[in-house]
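K.L.:
Chain by chain, the residues:
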Amino acid sequence: MEQIAFIFLSALTLACALGVVLAKNAVNGAMCLLLCLAGIAGLFVQLHAYLLAFILVLVYAGAVVALFLFIIMLLDMQGGQAWRFRPAQALAGFAAAALLVTGLDLIAIRGRLGGGPPVGQGAGSSLKLYAYQLFTAYLLPVQVMGFLLLVAMLGIILISRRISEADPSK
Amino acid sequence: MIAYFLGLPVMVQAVAKGLAVIVVLFPIAAACSMAERKVCAWIQCRPGPNRALPPLFGWIPGIGILQRLGVFHLMADGGKFLFKEEPLPDHVNKPYYVLAPVVAMVPAFTTVTVVPFGAYLGSGGAVVPLMLANVDVGILAVFAVASLGIYSLILAGWASNSKYAFLGGVRASAQLISYELSMTLAVLPVFLWVNEPGSAGSLSLARVVEFQSRPGFWGGSWFLFTMPVSALIFAVALFAETNRQPFDMPESEADLVGGFHTEYGAFKWSLFFVAEYANMIVGSAVFALLFLGGWNLLPWLPLADLLERLHHATGSALWLHPLVAGLVSVAIFAGKIFLTIFVFMWVRWTVPRFRYDQVMKLGWQKLLPLSIANLIAYTVGIYFLQQ
Amino acid sequence: MNVPLDPLLISVAAPLAVAVAIALGLPKRWAVKLAYAGFAVPALVAIDVWWRFASAAKEVHGYAFLTNYSTGLDRLGIGLKLGLNGISLPLFVLAGLVGFAAGLYAIQSKAERMKTYLLLLLVMQAGLMGTFASVNVFFFYFFHELALIPTFIMVGIWGGRDRSYAAMMMTVYLTLGAMLSLVGLIAIYVKTGATSFDLMILRDALASRPLGEVTQTHIFGLLLFGFGILVSLWPFHSWAPLGYGAAPSSAAMLHAGVLKKFGLYGLLQIALPLLPFGAAQWSHSLAVVAGVGNVLAIGLVTMAQRDLKQMVGYSSVMHMGYAFLGIAAGSVLGAGGVVMLMVAHGFSVALLFLLSTTIYHRTHTFEMDQMGGLAQKAPVLAGLFVAATFASIGLPGFANFWGELPIFFALWNFSHGLTLVALTGTVVSAVYGLRAAARVFFGPESEAFARVAAVDPPADIAWSERLPAFVLVAALLFIGFWPKSFSDGINRALMGEPAAVVASR
Amino acid sequence: MTPSLDAYVMLSSALFAIGFLGVLVRRNTLVIFMCLELMLVAATLALVAFSRFNGTEDGDVFVFFILTVAAAEVAVGLAIIVALFRLRQTIQVDRLNSMRH
Amino acid sequence: MDFSTLRSLAAGNAWGSVWPELSLGCLALFLLVLETGLPRSMHARIPVVSIAGQLGILGVLLLNFDTPYRATFNGLLMLSPQGQLMRVFFLISSILVSLLARRSLPWQRVPRVEFHHIVLVVAAAMMLLVESRNFVMLFVALETVTVGLYILVSYYRSNPKTLEAGLKYLVMGALSSALLLFGIVLLYGVAGSPALSGRTLEAMQYGGLRGFLEANPDNFLAAAGIVLVLSGVAFKIGAFPFQIWIPDVYQGAPTPVTAFLAVASKAAGFIVLLVLVTEVFAPYDWLVGPVLTLMAAATILFGNLAALKQNNVKRLIGLSGVSHAGFILLAVVSVSREPMAVGAVYFYLYAYLIASFAVFGVMTVLAGPDDSEQELGDYAGLARESPFLAGVLACGLGSLAGIPPFAGFMAKLLVFVIAFKAGHFGLLGVAVAGVVVSVYYYFGWIRTAYFSDEAAISPKTAERARAGAGLTLGIALAALTLGSIVLGFYQGPLGNWLAGH
Amino acid sequence: MAVIPVERRSLTLVERTYFPQIMGAMKTTLKHLLGPADTMEYPEQRPAIPPGYRGVPTLVKDPHGREKCVSCQLCEFVCPPKAIRITPGSVPEGAGIDQVEKAPQAFDIDMLRCIYCGLCEEVCPEEAIFLQNQYSMSGYSRAEMVNHKDRLYELGGTLPDTHFKWDVKKAAEESAGEHH
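In the order they appear, the protein sequences are chains A, B, C, D, E and F.
So in this note's numbering, spot 107 of the first sequence is number 107, and the numbers just go up one at a time.
So in this note's numbering, spot 123 of the second sequence is number 123, and the numbers just go up one at a time.
So in this note's numbering, spot 354 of the third sequence is number 354, and the numbers just go up one at a time.
So in this note's numbering, spot 13 of the fourth sequence is number 13, and the numbers just go up one at a time.
So in this note's numbering, spot 145 of the fifth sequence is number 145, and the numbers just go up one at a time.
So in this note's numbering, spot 92 of the sixth sequence is number 92, and the numbers just go up one at a time.
Hints are computed from structural coordinates only; laboratory data are not their basis.
Among the hints, a few may not be true.
[What the hints assert, rightly or not] Here are the simulated DSSO-like pairs of lysine-lysine, each with C-alpha atoms no more than 27 Å apart in a straight line:
1. B:Lys94 - B:Lys84
2. C:Lys110 - C:Lys28
3. C:Lys191 - E:Lys421
4. B:Lys94 - A:Lys24
5. A:Lys24 - B:Lys163
6. F:Lys82 - F:Lys102
7. F:Lys27 - B:Lys366
8. F:Lys31 - B:Lys38
9. B:Lys163 - B:Lys361
10. C:Lys28 - C:Lys115
11. F:Lys27 - F:Lys61
12. F:Lys82 - F:Lys149
13. B:Lys38 - B:Lys80
14. B:Lys80 - B:Lys94
15. F:Lys27 - B:Lys38
16. C:Lys115 - C:Lys33
17. B:Lys38 - B:Lys84
18. F:Lys149 - F:Lys61
Use the sequences and the hints to build the structure in full.
P.N.:
This is the structure in structure tokens:
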């Protein structure tokens, strides 16, 4: 049962990931990304990380991809350009593909981690455990993250504000 | 019977639950649309739709009341949506155009699964919530899945390939994202209070109700009274999230014809319609659970107490039977939901529509700071309360 | 450690202090006055030190006046250690006197932006004094570069034709040389294992535990090419005539006269004693390159020059060939000759540069074809120039003689053929030197010069020019007549290790 | 029968590689961003799998930070893209070459 | 989980030990408070508050400089003398960036206070970054730095070049973060694997990972992780295959930000690399050594050769910065064989800071409103218009080129000595060639500033040159020049430190 | 006309939240919600038609059942939307109105065009056209919405006309000779 679900989810995820890369239209790409994320959320559930699955959906699917779609539409790139083959790109693509294949091969052949059963639940399954981790051992990064978000917010406001509104005297 | 159900394969269970949701929610949503028309009419001092009557049914005694209530209009509407010609405009992006209304249904119907809709008394008088899937992360799941609703609006707006629809979609998505923030922040104090140190931390909605059913002043009082600001913010954000008046900028007929669903008709349009009401129902349910004490009839009068008193008053042990208790709780809860939905409608026909900049300003410059301040205040307050 | 009275430190610090004062915005009148002091103090210190050297207390390796100042990197063996031995003393004196002469000449010259010019010259002077007074290899290199940078800038700003290109050429070539020699020095530092740049410690360490032969050969090669480029070893010489041709006279005097000796000094003071085997390995190739390349080929090129300043530039490249030959000869005699030649050449080439600029002020050209007959109008100038030419050829009575003679003797032991080549070179240098003197001062007046002279009648050499020239000529003659004043110290200093070189061969 | 850790690691590296490929070959900045997100998500998948199979908890906690950072990065990136689009009317990488001489 | 363990975990959060970072953060917030609280007319003073505050923190930090090695925040951070040194480093850079920004921002129609705010936050995050000894902390701090820099790079948003630079930096930065992240994940996963010996439960801690790597010195996945982490860091420092973003981003970014990127961001990257190489990846020297060696050689060569033909000064300084990265890498490569390399890296970074800021200071003063379009030709005749600026520029460039008596020489000397000691002769050869090439273009710049005819300078540039740097910035530039000269021959108390304690 | 600037009163804090206003509005709507409906259920209940109501234009006959219209076509002329079309014809023999020369052969009012302005009634010299109480006109086709003469008379019926115009005219005609 779990095996079947895994195969299904991973196939979905991979197919959609390829979709993101190959999609001609950016909207299709975004939708593929959405589905891919849904697949990963499903995998998270399989790994008993319910909390993370929901956070993933909330943050990524709910906000990030929506933002992508929003911007794609705002910039009206319906036509979109698929990747045409030009020498430089072909080279890059070839290199990347080769990297992909060799990397996967190597991990498959040499990266065996041993097929042991799961040892623990992982903190992602229990909200409480997760929160305790965040607010004790990792409190400092959480605080820093707050600053990061503040800075990002300020920056976004600054960058996207219309230029004519900027007060030169300020 | 429960045992039999639990004995079924998981997939069958899931399908059954899903079907149950659809079977229950769809008619309720449809009924709401009718209710809306009636409420609107009453507020405008009209009788509202009251004419439709299937042919040959006139002889049934008492059917006149149903007719006056417009019940058959509902059926007529449903039939019309089902059998009307499906227009598929030539200029639209077809796959997404068709997909959008379906997507709209998903979050509406998925969130229901984690919302408890009643409770029965288990062995030893313990209150067991009735819900389709009891997950630890309840409210998070609601928010997470509800946030997916935005895609239907964006897709509908974009795929329609019309500037009205597009503007509507853009407005809708921006509005949804903006108000989600204050909504989440408004709810946090509730869970802060519920998850006091030492308790098994949970974001489950049932636990919130359980907390509101506790004896004692703070426990027995509903969060509406202890956290009025949170409740207000949540309610306002709920209005915005469901695109209800006065926040229905995305579909404002005056300037955008119909917003994101301008190009839709017939059954596809009805799906949007149902989804909107389903969202409202879920939203009202969450509001009732969080702030109105869930299935408790009155503040400081938990369900268990109520049943106990009824038992003493009538002397009938029937009140303590799980099935009866469940029905009572479901009824109470449903009553609250309908009340809340009624308020939705009431507001809709009272308050005029905002301008879009006012919507954004309210969301970002008023509600967000307010909800943050509220969160901070309650954090401090709860800390001192628990000392 | 008597910090304030340490003469060596004062000789470095005084010009620097004046430079800093000028940089901070001293008014021009005061700047010029202070600059006199800035140039005079090193010269006085040099003479004073020379006077006291023979009687001064010597420490190991013949060093006197040793002082050590910590700069914070003692643990890495980097510290400002000042001192003089028999080899560095003559060069220290040379630096002081030529610097004084160049300074005097610069102050009276009517260069634009005089303050900056003086500032740079003062920095250069400080660097020169520091280079030869440093016992620590790090500071030896450091001061050299300190002196080198103003050269580039001065060529770039106050230079003549092609000054920008010349400055660029010089920079790249000299940086390459400096980097190579730096790597060589680092190699010595690391391989010795003494964790010190202190030359005395290095010598001690290597005396007890010499480096492997292969290592020595490699490191010496690095140093040879590095220093060689700095000294315009053929075929890396092309920057020199170009740079000198373009450089303002004071800069050319200081660079060609003193700073260029850095490379030779480095070879003598560092490479030879520390890497005797390496030196022996390289001596033959060095000798051939220097003899055939520098002396013969460049000598012939020099003969073909028509531009006076270029000619002086090339001649200085050629004379460096003798110095290389002396080093290649690998004997105390040769090395001593090299030191003497360095000093002598420093004075003479500085004098030549000074005089050619003086001539230029009268003829408004460096083209020798367009001169002639200046002797009638400027007899003193003519006399000085002839004296300088004689000195540069190496006639007895001038210091150069005592430089070239020991080299020839040493070379004879090394290789008869090269000695002949070297002697041919002397003839060549006599030819071009005398021909130049004849073209410029004697013979009929050329048309071009007549025209110039009509507009701006040339006067004889003025006192402001005469004074620095006299200083240089005096030094040349003094050493020419009393070589022992330096050679004793040189010999004592060289007695140690170069003897070992000979033994090892 | 549960899928093995190897399977998860393979999957996440494949996702990562696909994302990387996308970054290299696509010219549309928005798509490039999506591919970057794909790479980050691939990393989180591996983290969660490792956490579960190894019984270490740090990985799950790390996921939280990664998601937050990714969201912030995307937001900033999109802001820049929009601002740039206003000025240049394109977001194709090969047309953003005002600085090549 | 019971409460006592929680309390003990929380007790590890010694907030006092990160007081400089905290105070920088608070100062940053205070600026925002001032902006909202003060009337518009007073806003011009806020940067002064920022600079004064930073100077105050710097002063207190210098007074409390001595810190023993001490892990804090449950091992997330490690306080150390090196950490203190880098704190001072980042503070100095942020002060200088603020000073430059005060000069440069008024030419643009952009808000000013936020710039200073972000600079402060980024500086604090950089401090945390170099102190972190845990991959989670590392990642979070790194991302705070990068996100801040994304915004700073695209700050002059009315200029399409700036935005383009910001976008390129963002894409590249995010890509590098992803690589780094996946590397971390792989390492974490392998180190925690119960199937392997030496398995650690604290796989995110440097110490725990080190233990695992020592027990498994040839694990494939770990090696892959290390390579990915190294490439992620290489992006940040602009080492060879990952340097492609440098010229465009440096050119497009506002000049003060370019300085920040070139100096502080790069330094942070190097310290991270140094810490990783010495403290974590040491058992994998067989892998790290060759990778970094190749990288260093290619970086030096590429940086210098590419800089040769640049005409835009910011591109030039950017590419020359690439070559400097190569030189520092040279020291990092040697660190496994020669512990003194640590000191050399720090010294090099300081020398680079001093010299770069001098140059960037002059660039900022001369830049004017369109600051991504400064050509070498704009400097022609600078010496005549403003001898002071020309002098500062020349000293800065001299130091960058590594000529005595400037600090840059000392730095290069130390690096060479160390490389020689470690036996990297080939690299040393490359480095020497690099220095010679670099002298060519640095000197070319000086030549333009000093030896050209005055007619070439554009009237506007000339006007700005004559207007000078202003008092505060002037003092700062003079101090930098002085520092660069003094550090060139006198290291004083730093000396012992440099020599390896 | 003097312009008087009016200072707008600044809102109080409570007012700025708009709560009192919204609550007030809610109260109002609630009141209406609970109050009786103001509408009437039309087909069953009909409104009382006030006097002077302008309904559908109709033609009337006099109390003797005689056609009043003389086909003067003034109404056709005056009708703003040109809804009236009259085909005049001669008076059939024996209609009892011999004094009249013409009577409408056809009289059509297109109710899709009629705007119920009442000008036809106003202008009619014979008081033959009236806008009466009829307000509901419906039909399934355009043709049906054109009221022909029959229909017009059917709608109009006979009005209690007291001055019997035709009779007066006739009498006058008959007595005309007496005075001569």
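K.L.:
With reference to the structure, classify each hint as holding or not holding.
P.N.:
Status of the hints after comparison with the structure:
no.	hint	verdict
1	B:Lys94 - B:Lys84	holds, 19 Å
2	C:Lys110 - C:Lys28	holds, 13 Å
3	C:Lys191 - E:Lys421	holds, 8 Å
4	B:Lys94 - A:Lys24	holds, 16 Å
5	A:Lys24 - B:Lys163	holds, 23 Å
6	F:Lys82 - F:Lys102	holds, 21 Å
7	F:Lys27 - B:Lys366	holds, 25 Å
8	F:Lys31 - B:Lys38	holds, 15 Å
9	B:Lys163 - B:Lys361	holds, 24 Å
10	C:Lys28 - C:Lys115	holds, 7 Å
11	F:Lys27 - F:Lys61	violated, 56 Å
12	F:Lys82 - F:Lys149	holds, 16 Å
13	B:Lys38 - B:Lys80	holds, 19 Å
14	B:Lys80 - B:Lys94	holds, 23 Å
15	F:Lys27 - B:Lys38	holds, 18 Å
16	C:Lys115 - C:Lys33	holds, 11 Å
17	B:Lys38 - B:Lys84	holds, 24 Å
18	F:Lys149 - F:Lys61	holds, 12 Å
Against the hints set out earlier in the document, a violation occurs for number 11 only.
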